[in-house]
Amino acid sequence: MAYEPPVTDYDEIVENCTCAFCGCNCDDLDYLVKDGHVVGVRHACRLGASKIMEDMDQRLMVPMIRDETGELQEVDWDTALDKAAELIAGAIRPIFYGWSETSIETMKHGIRLGELVGAVLDNQATICHGPSLQAVQNAGYPIATLGEVKNRADMIVYTGSNPMNSHPRHLGRYSTFPRGWFRQRGRFDRTLITMDPKYSDTAKMSDIWIGFEQNGDYGFYNAIRAALKGKKIDQDYVSGIPKEDIMELAEAMKNVQFGALYFGLGLTHTLSKQRNIDMAIEMLTDLNEYTKWVLTPMRGHFNVNGFNIFMAFEMGFPYGVDFCRGYQRYMNGETNTIDLLTRKECDVFMVIAADPGAHYPGGAVKHLAEIPVIQVDIHWGPSTEIADVVLPGSFVGVEAAGTSYRMDGVPIYMKKAIDKPETCRDDEWIMRELLERVQKIKDQEAAVASK
Amino acid sequence: MEYILKNGIVYDPANNIAGEKKDVMFKDGKIVENVSSDAKVLDVTDKIVMPAGVDPHAHVAGPKLVVGRLYRPEDSRKGVTHKTDVCRSESGFSIPSCPATGYRYSRMGYTTVTEAAMPPLEAKHTHEEITAIPNLDITPLPLFGNNWFVMQYAKEDKIEELAAFISAWLKLTKGYGIKIVNPCGTEAWGWGMNVHGIDDPAPHWDVTGREVLRALAQANEMLGLPHSIHVHPNDLGHPGNFPTTVNTLDCVKDIEKNSSVRDQTIHLTHAQFHSYAGTSWRDVESGADKVADYINKNKHVTCDIGQITLDETTTMTADGPMEFDLHQLNGLKWANKDIELETGSGIVPFIYSGKAPVSSFQWAVGLELFLLIKDPWQLCLTTDHPHAGPFIRYPRIISWLMSAERRQEMMDNLEVRVWSYKRTGLGTLDREYDFNEIATITRASAARIYGYQDRGELTPGYNADIAVYDLNPNDIDPSKEPAAIEKAFGNAMYTIKNGEILVKDGEVVKVVPSHTLWTDVKGFEEQENAVMEKIMPTFRRFYTVKFENYKVHDHFAPNPIVTEVQAGK
Chain D
0 MAYEPPVTDY DEIVENCTCA FCGCNCDDLD YLVKDGHVVG VRHACRLGAS KIMEDMDQRL
60 MVPMIRDETG ELQEVDWDTA LDKAAELIAG AIRPIFYGWS ETSIETMKHG IRLGELVGAV
120 LDNQATICHG PSLQAVQNAG YPIATLGEVK NRADMIVYTG SNPMNSHPRH LGRYSTFPRG
180 WFRQRGRFDR TLITMDPKYS DTAKMSDIWI GFEQNGDYGF YNAIRAALKG KKIDQDYVSG
240 IPKEDIMELA EAMKNVQFGA LYFGLGLTHT LSKQRNIDMA IEMLTDLNEY TKWVLTPMRG
300 HFNVNGFNIF MAFEMGFPYG VDFCRGYQRY MNGETNTIDL LTRKECDVFM VIAADPGAHY
360 PGGAVKHLAE IPVIQVDIHW GPSTEIADVV LPGSFVGVEA AGTSYRMDGV PIYMKKAIDK
420 PETCRDDEWI MRELLERVQK IKDQEAAVAS K
Chain Y
0 MEYILKNGIV YDPANNIAGE KKDVMFKDGK IVENVSSDAK VLDVTDKIVM PAGVDPHAHV
60 AGPKLVVGRL YRPEDSRKGV THKTDVCRSE SGFSIPSCPA TGYRYSRMGY TTVTEAAMPP
120 LEAKHTHEEI TAIPNLDITP LPLFGNNWFV MQYAKEDKIE ELAAFISAWL KLTKGYGIKI
180 VNPCGTEAWG WGMNVHGIDD PAPHWDVTGR EVLRALAQAN EMLGLPHSIH VHPNDLGHPG
240 NFPTTVNTLD CVKDIEKNSS VRDQTIHLTH AQFHSYAGTS WRDVESGADK VADYINKNKH
300 VTCDIGQITL DETTTMTADG PMEFDLHQLN GLKWANKDIE LETGSGIVPF IYSGKAPVSS
360 FQWAVGLELF LLIKDPWQLC LTTDHPHAGP FIRYPRIISW LMSAERRQEM MDNLEVRVWS
420 YKRTGLGTLD REYDFNEIAT ITRASAARIY GYQDRGELTP GYNADIAVYD LNPNDIDPSK
480 EPAAIEKAFG NAMYTIKNGE ILVKDGEVVK VVPSHTLWTD VKGFEEQENA VMEKIMPTFR
540 RFYTVKFENY KVHDHFAPNP IVTEVQAGK
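The listed protein sequences correspond, in order, to chains D and Y.
If you read the first sequence in numbering that gives the first Met the number 0, its first letter stands for residue 0, the second for the next number, and so on.
If you read the second sequence in numbering that gives the first Met the number 0, its first letter stands for residue 0, the second for the next number, and so on.
To be clear, the hints were calculated from the coordinates, so they are not data collected in a lab.
No residue lacks a Cβ here, since even glycine has one placed at the ideal position from N, Cα and C.
Possibly wrong hints are sitting among the right ones.
In the DSSO-like style, the derived pairs of lysine-lysine whose C-alpha atoms are separated by at most 27 Å in a straight line are [to be verified]:
hint	chain 1	residue 1	chain 2	residue 2
1	Y	K521	D	K107
2	D	K415	Y	K550
3	Y	K545	D	K414
4	Y	K533	Y	K521
5	Y	K170	D	K107
Ranges between beta-carbon positions, derived for each pair [stated by the list, open to error]:
hint	chain 1	residue 1	chain 2	residue 2	range
6	D	G332	Y	P459	58 to 64 Å
7	D	E444	Y	K21	34 to 40 Å
8	D	Y236	Y	D205	36 to 42 Å
9	D	E14	Y	L328	44 to 50 Å
10	D	G332	Y	K256	55 to 61 Å
11	Y	H554	D	K365	41 to 47 Å
12	Y	H554	D	G361	40 to 46 Å
13	Y	H554	D	D56	27 to 33 Å
14	Y	P536	D	M60	55 to 61 Å
For the chain D half of the interface with chain Y, some residues (derived, Cβ under 7 Å), not all of them [to be verified]:
hint	residue
15	A48
16	S49
17	A368
Please model the complete structure; the sequences and the hints are all you need to start from.
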């Protein structure tokens, strides 16, 4: 990596901004602002800094509608919003998907719109930590805030997760390196373990790497549970790990003062899916009979947890909430976005701050290409290519303030540092406008119907 | 707009009105003495009129509620209703969604509820949920009993600095008063341990529950907060815990009260869980008589009960170790949430069944306390919602309290097991509550305990928060008709809040935004600044959020009702 000199040419520093990248929601960022743009970011990791500084890269600047020839054409805001409202109001089985990279304030209008038209509201959990939530519903949810781990933990386990690549400041700011109240020497007071088939960047800096076989998660945790309960392990190897090592590991985990386990998509998306996490949660519950252990899913987007929390307190269910019958339903495999798309049920799709075009399986994207898609986002992406109405939003945490929830559930109010491009609008404003416009259409329909 | 509630039979314990036939008038949201002839007449001839209900202790908003909803979709599915022209759709039984919480309290004639456990770090979350709950004014109590700064001040006996810390934190979190949960025990749970009794020190901190309780009580009185310390003592749910409870109450007896708006210096919450004798679940017996006796003899104490309702519910409390014990007892899925430097919490589903000896015993202990505590002004009706049962069961509890016959019937026909009378004194108690006592324990005493100066009574100038129930007290024998009592108190004929009719004939007809009640201490700013400067280095090093991002911004409480107190006055 070439040396980059520090940025010295800036007008002002905005302190204590919150990073709008991963679920770490680091809230100690300083933005160096010049001419209304962030030209430097202090304290952030490379992922966060590049997202913040390169906010104008492939930026959606103006509202657009796809014309008969299939080209996106620039239109004014009124036209675009009216078109979107008309599509939503006329939909029979609409889905509003995304939400994980926008604010709770935006969701508040979004849910009202969903209730009004009987939409399905779903977020990225449906393709990432959904299995974690299912496992939580099966087996429990023993978590702690990141500061508990920083101050107390003497053993940290990352499993199915490579935070050095995906959440680069997780070890540095929260779990492993910082000096905590009871861990005054920071890294030296902690044992770091990575359990992952891959010798990842996190594994490279761990004290112990346990490279169990791919799809071996379930068997491996089961074996630890057996060891914890004093059972004999019959096989010499479980998931590729010698049984002596498993016994030794179980003993070590029992004898720490405070352990924390973080798991990622390596657990949610291998063979046994949510059952892997069931087993990890059960293992953790067993460990609590001896000492203190907590776990936390490594949530990806900065507000993916926020949407689950928001939906739970508004409607009682975390994601995949279907309002089509006038009340909320939540049925995994029934009311999730991918299922609805592959069954070709959905007739209008609105994507807010997400990119299903890039992330969805082919069958689902194929159906998306056949139905009207409304996109509310800040960047051009594969979803823009299949969108019929494009509504350019603003960057929460940089250009707009808003509330988000960290992976451990700590709410943070992300402040605004700079102005958004003049032609863009805040997500919150867009969603409120859509709600009002759809309400107007529905009121007119009701008035006509009553005559 | 002027209204007159005509010919109702009024129960207003604060004004010594016990079943008088009279009119209640209100104008522009306030109770008034007279209205003009244009006033709209609401005919409530021979119906019960009371101030609207005030709940002194429930868990309705905040992070652990959400954990409950996230991990118990089976509970959310139970209470699903279709949206209406007025209401959004509802969900949940023991942990209803926010809209459902508001509507259901409204239907019971309640307008004010305390959210009894707000972790300061996640106070924004609590406030977001409060905003999402319609039709209720909500009083959040921040948790202080296991806060590291508090424990340090208590150990060093620095009461003035502690008071300044509390005063600053009430502002930062927009909280109303001081909540203490298992003092030092939840901190011990940070290491998977617990403390036993009030003289067992927390690991590392070397400070005891007694020291924390006394320090916080002194700080509370130094500031003169409208509410006293609100205490969930150590050893919740352990057989043989009543001495801990009595010691907890007794350890602040000598601290002088410094507030004219309340009578107590300590509020004991969910007393039922803290009134057990014996040594284990094998030989457990009721200690309700001992706790009730102490309360009867000591006016510095008030309590609420935490009555078991015999339902499948979701237990949740900031008492983390106790919830893990409960999980080991029933094997159901365990959730836990520890909050850095401040507190912890746990959640476990629980089935309180009349077929189980222990649940039957707990049910009886709660009722015993209701019947043994003589002064209804020292007592409130709660279920520690949702810990001992959902709040929608309050009307059923009222029906039990008003009918000795019904209680006997439940014991006779095995709706509850024999432990209900063999291990407690419930079988010997035939006291029956009258409507005035019910009005006291469901609204007037709670309002007095919280020092509310605008609700809980039908005094001119107070908020027009009124509940009307479709019952003629002169025409019904509550002891013979428990079902009618339950129905009437569960479906208010009118619920009026700030002069607006929110419920008519048991249906929500109007939805209004909620208010947030919090306390702003004045005249302590200098001490606050000094304390903040001192603790900042610790804050910066050991929290994982920046101080600037820690506080609850004003927009999280868009409709505040701020009680200003002059420190020390």
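Hints, one by one, checked against the model:
1. Y:K521 <-> D:K107: Measuring from Cα to Cα gives roughly 35 Å; hence the hint is violated.
2. D:K415 <-> Y:K550: holds, 16 Å
3. Y:K545 <-> D:K414: Given that 27 Å is the threshold and the Cα spacing comes to 13 Å, the pair holds.
4. Y:K533 <-> Y:K521: OK: K533 (chain Y) and K521 (chain Y) at ~20 Å, within 27 Å.
5. Y:K170 <-> D:K107: holds, 26 Å
6. D:G332 <-> Y:P459: 58 to 64 Å: About 60 Å separates the Cβ atoms of G332 (chain D) and P459 (chain Y), which means 58 to 64 Å holds.
7. D:E444 <-> Y:K21: 34 to 40 Å: At 49 Å between Cβs, range violated.
8. D:Y236 <-> Y:D205: 36 to 42 Å: violated, 48 Å
9. D:E14 <-> Y:L328: 44 to 50 Å: holds, 49 Å
10. D:G332 <-> Y:K256: 55 to 61 Å: holds, 59 Å
11. Y:H554 <-> D:K365: 41 to 47 Å: holds, 43 Å
12. Y:H554 <-> D:G361: 40 to 46 Å: holds, 43 Å
13. Y:H554 <-> D:D56: 27 to 33 Å: holds, 32 Å
14. Y:P536 <-> D:M60: 55 to 61 Å: violated, 45 Å
15. A48: Not OK, violated: A48 (chain D) not within 7 Å of chain Y, min 18 Å.
16. S49: violated, 22 Å
17. A368: violated, 33 Å
Violated hints, listed in ascending order, are 1, 7, 8, 14, 15, 16 and 17; each of the other numbered hints is respected by the structure.
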